[in-house]
Amino acid sequence: MNRCLSPYLRPPARGSGPACFSPLRPRLIPNPRAAVWKRSTSTVGINKNGHIDVGPGEGLLFFDNIFPLKTASFDLRYLVTRLDKVSFEARIKNNYIPATLLGPDGGFRITSIIPQVKDGGAFVKFVSANPKQVEEAVSAYLKKCRIKPWYSPLRRVKAFAVYGEPWIEDLHIFPTTRLRIEFTGGDGALGLEQLYVLFRRYGVIADITPQPAASKDLPHYAIVHFSSIRSATAARNCLHGFTALGLQGGSGKEIAVKLRIMYERAMKAHWIRDWIFGHPRIVIPVIAAVLATVTVAVFDPVRTWFIEARITRSLTFTESPYWAWLKKYTIGRLPIGRHHAEMGDLWMVWDERKESVEQLQGWLRETAETFIVVQGPRGSGKKDLVVDTVLKGRKNVLVIDCEPIDEAHGDSATIAAAAAQVGYRPVFSWLNTISSMLDLAAQGTFGSSAGFSQTLETQFNKILQNTGTALKSVALKDKPDIQALGDDEYLDANPEKRPVVVIDNFLHMEGNSIIYERLADWAALLVSSNVAHVIFLTNDTSFSKSLAKSLPDRVFCSILLGDAQPESAKRFVLKHITDELDELDSDSSAKALELEESIQALGGRLTDLESLARRIKAGESPKEAVQEIVETSANEILKLYFLEGSRKKRNWSPAQAWYLVKMLASNEQIPFNQVVVHDLFRLDEEPIQDLEQAEMISVVAQGGRPYGIRPGRPVFQEAFKRLLEDKVLAAKMELHSFKTLIKGETAIIEKMEKELEMLATLPKQPKGRVEFLLVKVGIAQKKVEDYEKSIEALKKVLKTEY
79 MNRCLSPYLR
89 PPARGSGPAC
99 FSPLRPRLIP
109 NPRAAVWKRS
119 TSTVGINKNG
129 HIDVGPGEGL
139 LFFDNIFPLK
149 TASFDLRYLV
159 TRLDKVSFEA
169 RIKNNYIPAT
179 LLGPDGGFRI
189 TSIIPQVKDG
199 GAFVKFVSAN
209 PKQVEEAVSA
219 YLKKCRIKPW
229 YSPLRRVKAF
239 AVYGEPWIED
249 LHIFPTTRLR
259 IEFTGGDGAL
269 GLEQLYVLFR
279 RYGVIADITP
289 QPAASKDLPH
299 YAIVHFSSIR
309 SATAARNCLH
319 GFTALGLQGG
329 SGKEIAVKLR
339 IMYERAMKAH
349 WIRDWIFGHP
359 RIVIPVIAAV
369 LATVTVAVFD
379 PVRTWFIEAR
389 ITRSLTFTES
399 PYWAWLKKYT
409 IGRLPIGRHH
419 AEMGDLWMVW
429 DERKESVEQL
439 QGWLRETAET
449 FIVVQGPRGS
459 GKKDLVVDTV
469 LKGRKNVLVI
479 DCEPIDEAHG
489 DSATIAAAAA
499 QVGYRPVFSW
509 LNTISSMLDL
519 AAQGTFGSSA
529 GFSQTLETQF
539 NKILQNTGTA
549 LKSVALKDKP
559 DIQALGDDEY
569 LDANPEKRPV
579 VVIDNFLHME
589 GNSIIYERLA
599 DWAALLVSSN
609 VAHVIFLTND
619 TSFSKSLAKS
629 LPDRVFCSIL
639 LGDAQPESAK
649 RFVLKHITDE
659 LDELDSDSSA
669 KALELEESIQ
679 ALGGRLTDLE
689 SLARRIKAGE
699 SPKEAVQEIV
709 ETSANEILKL
719 YFLEGSRKKR
729 NWSPAQAWYL
739 VKMLASNEQI
749 PFNQVVVHDL
759 FRLDEEPIQD
769 LEQAEMISVV
779 AQGGRPYGIR
789 PGRPVFQEAF
799 KRLLEDKVLA
809 AKMELHSFKT
819 LIKGETAIIE
829 KMEKELEMLA
839 TLPKQPKGRV
849 EFLLVKVGIA
859 QKKVEDYEKS
869 IEALKKVLKT
879 EY
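Numbers 79 to 880, taken from the numbering used here, label the letters of the sequence shown in order.
Read the hints as simulated data drawn from the structure, not as lab findings. Worth double-checking, as some hints may not be accurate.
Stated by the list, open to error - Cut-off 25 Å, straight-line C-alpha distance, at most; resulting in silico cross-link-like pairs (SDA-like, lysine to any residue): (1) Lys-540 / Ala-626; (2) Lys-627 / Ala-779; (3) Lys-126 / Lys-461; (4) Lys-550 / Asp-565; (5) Lys-461 / Lys-648; (6) Lys-740 / Lys-695; (7) Lys-799 / Ala-858.
Please read all numbers here as calculations on a predicted model, not as lab measurements.
All chains, full assembly: derive it from the sequences and hints.
Structure, rendered in structure tokens:
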């Protein structure tokens with residue numbers, strides 16, 4: 079026996095790899111598993127062609143179920159089987175072959191063992207005088223012992239005699255239950271009965287599919303479908319290269335046919351990929367639904383958490399008490415910047431604003447299910463009044479500024495700006511562009527959208543929905559678990575627990591009406607369900623039209639903020655220039671008078687008063703500061719209301735704006751109807767409304783109707799005067815106005831002339847109509863002549879002035 083196993087008991091040669099102890103004798107032998115777990119290659123046979131050379135008197139047995147079947151390039155089961163401490167050769171010799179054969183009188187000697195790892199078995203080459211008796215003895219022994227490996231507890235080890243010429247290859251073709259039997263050596267083939275008898279010994283056959291009769295492919299073939307993969311592997315390794323007698327096509331003569339057996343894929347290669355690309359109408363919507371589900375399940379809770387952190391300011395370290403303590407005892411002890419005055423929370427010095435502050439605080443303590451609206455012109459201090467005074471020190475406040483959302487260009491930028499306002503992250507706004515391209519490609523492919531991309535309204539609604547969820551979670555954070563009240567009852571009974579949502583710059587521009595509509599609807603849902611208080615800050619006088627669509631049955635709690643009174647404006651400026659007060663007192667009273675005149679010229683607009691205070695603190699005199707502010711305002715008016723590039727989407731003409739400039743330069747207020755009936759307006763109120771929306775003018779109402787027109791900001795009156803002082807600009811605008819008036823009168827004349835021509839064709843003219851039209855033509859012509867004379871005078875001015 080030792081002589082039979084001598085090839086496996088020699089010491090390893092130098093450089094032959096690792097060694098292990100044999101289970102038979104305590105001697106070092108080459109580690110057979112080290113070779114098995116390398117990638118199988120065609121290195122057997124004399125010519126290294128993958129065929130096992132069988133000499134005279136030698137036979138082959140194929141032992142099945144020695145290894146796990148390899149069904150893919152990376153099969154993790156092989157990593158587990160490598161933990162086995164016993165080599166497969168030792169298992170075959172010790173456990174799978176009866177001792178009677180291995181004895182001195184058995185007439186059986188093993189010459190080599192060749193693994194077939196991919197097929198889960200191994201070939202045993204032996205020498206014996208009766209190979210058939212060896213197969214029967216080994217098969218009977220294995221059937222009696224019913225040896226089952228630990229990795230395959232339901233199937234025992236089997237052994238089969240090899241009748242063909244097995245081929246060991248390393249192709250990426252893995253075992254399947256289907257075998258493709260090709261008949262080589264001519265045009266012969268085996269019938270179904272012959273195939274059944276030949277292959278049935280290896281396992282149950284599910285089906286045998288012969289080559290279609292119409293097929294002319296050579297060599298002929300047949301498909302044998304086994305019930306299990308192990309049966310197919312055994313048949314393939316035992317019968318590959320076997321020569322059998324088949325029938326020749328056409329003549330029916332018997333002919334020697336050699337079998338070449340390969341595994342047939344159960345399904346076509348890349349069929350999943352082909353099916354996906356072949357059914358885009360089904361696949362693309364399914365992918366979109368899966369992506370949406372994953373997004374909602376994974377990212378929505380994270381986004382809601384970030385929004386809650388934005389509302390509660392839990393991630394704002396500057397508001398932490400530890401930061402305040404650290405700042406107090408570090409930077410606060412330094413003399414640098416300790417006397418710096420802030421421009422905030424000075425509303426209590428304005429007597430007329432105290433009542434508004436108290437009223438807003440009272441509304442926030444009530445359970446009114448309606449909007450709170452603070453309306454006032456730009457620069458009147460709406461945000462400072464609400465955020466810095468009324469809501470100062472209040473927890474759970476969310477401020478949404480509509481200005482960056484409205485001024486963003488493109489859907490992606492708008493969504494990113496809206497997400498930044500509420501703390502909605504992560505936001506993948508760039509995916510919208512890619513999704514639109516995919517939808518466009520899908521529409522070009524099968525004629526309909528795939529649903530990948532979402533509209534701006536849909537994405538904005540999603541942001542608002544997550545924000546609403548976060549607001550409700552914050553509102554219910556302090557609710558006791560044992561309280562019997564439901565969520566709605568608790569919020570209704572505790573209005574002070576509700577967070578406050580401040581929507582600033584509402585109706586900032588007219589472009590994104592969808593954004594404002596969705597915001598109003600969302601705010602209506604918040605106040606109706608008692609989730610939050612909502613405060614709108616707007617400078618639009620027609621805000622009620624937009625908000626009434628969302629809450630049609632409610633009366634809004636509104637406050638109108640105007641400009642400060644002269645005395646309050648003076649106190650406001652003096653509080654900011656405390657360092658300069660001593661200088662004013664010690665100097666002559668002329669500077670104090672100059673300061674008072676400067677404040678009176680600017681009016682009570684907060685932004686202008688703050689600008690005046692900063693300039694005085696910078697070293698400018700009050701007069702110089704006012705001149706700079708007026709000059710800046712004049713340039714702003716010229717750019718916004720008169721230049722061609724600024725009025726592409728405006729409904730007024732430069733001539734109409736210039737008429738208001740002339741009238742308001744010398745009058746603090748002019749009658750509304752006086753402007754409407756002027757020849758430049760001709761009873762059209764739309765340009766006046768548009769100029770009011772652009773904040774050049776403000777319309778004063780009395781008794782529910784327009785009564786008068788004032789400058790949009792108090793400083794504008796001085797800016798209007800400054801524009802009139804520019805002779806070139808005034809002459810140019812007057813020239814433009816007269817041309818506009820001439821154009822209007824010429825249109826009237828042409829209209830009258832057409833009617834006169836029509837009347838001339840009538841057999842009898844209506845009484846007095848011709849005279850009436852002639853009078854109208856005469857009046858219009860007289861105006862045109864006067865306008866032409868004025869134009870000639872203005873041209874002389876433009877020729878001499880520059």
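Hints, one by one, checked against the model:
no.: 1; hint: Lys-540 / Ala-626; in the structure: 23 Å, holds
no.: 2; hint: Lys-627 / Ala-779; in the structure: 23 Å, holds
no.: 3; hint: Lys-126 / Lys-461; in the structure: 87 Å, violated
no.: 4; hint: Lys-550 / Asp-565; in the structure: 9 Å, holds
no.: 5; hint: Lys-461 / Lys-648; in the structure: 21 Å, holds
no.: 6; hint: Lys-740 / Lys-695; in the structure: 34 Å, violated
no.: 7; hint: Lys-799 / Ala-858; in the structure: 31 Å, violated
In this structure, the earlier hints numbered 3, 6, 7 are contradicted, and the remaining ones agree with it.
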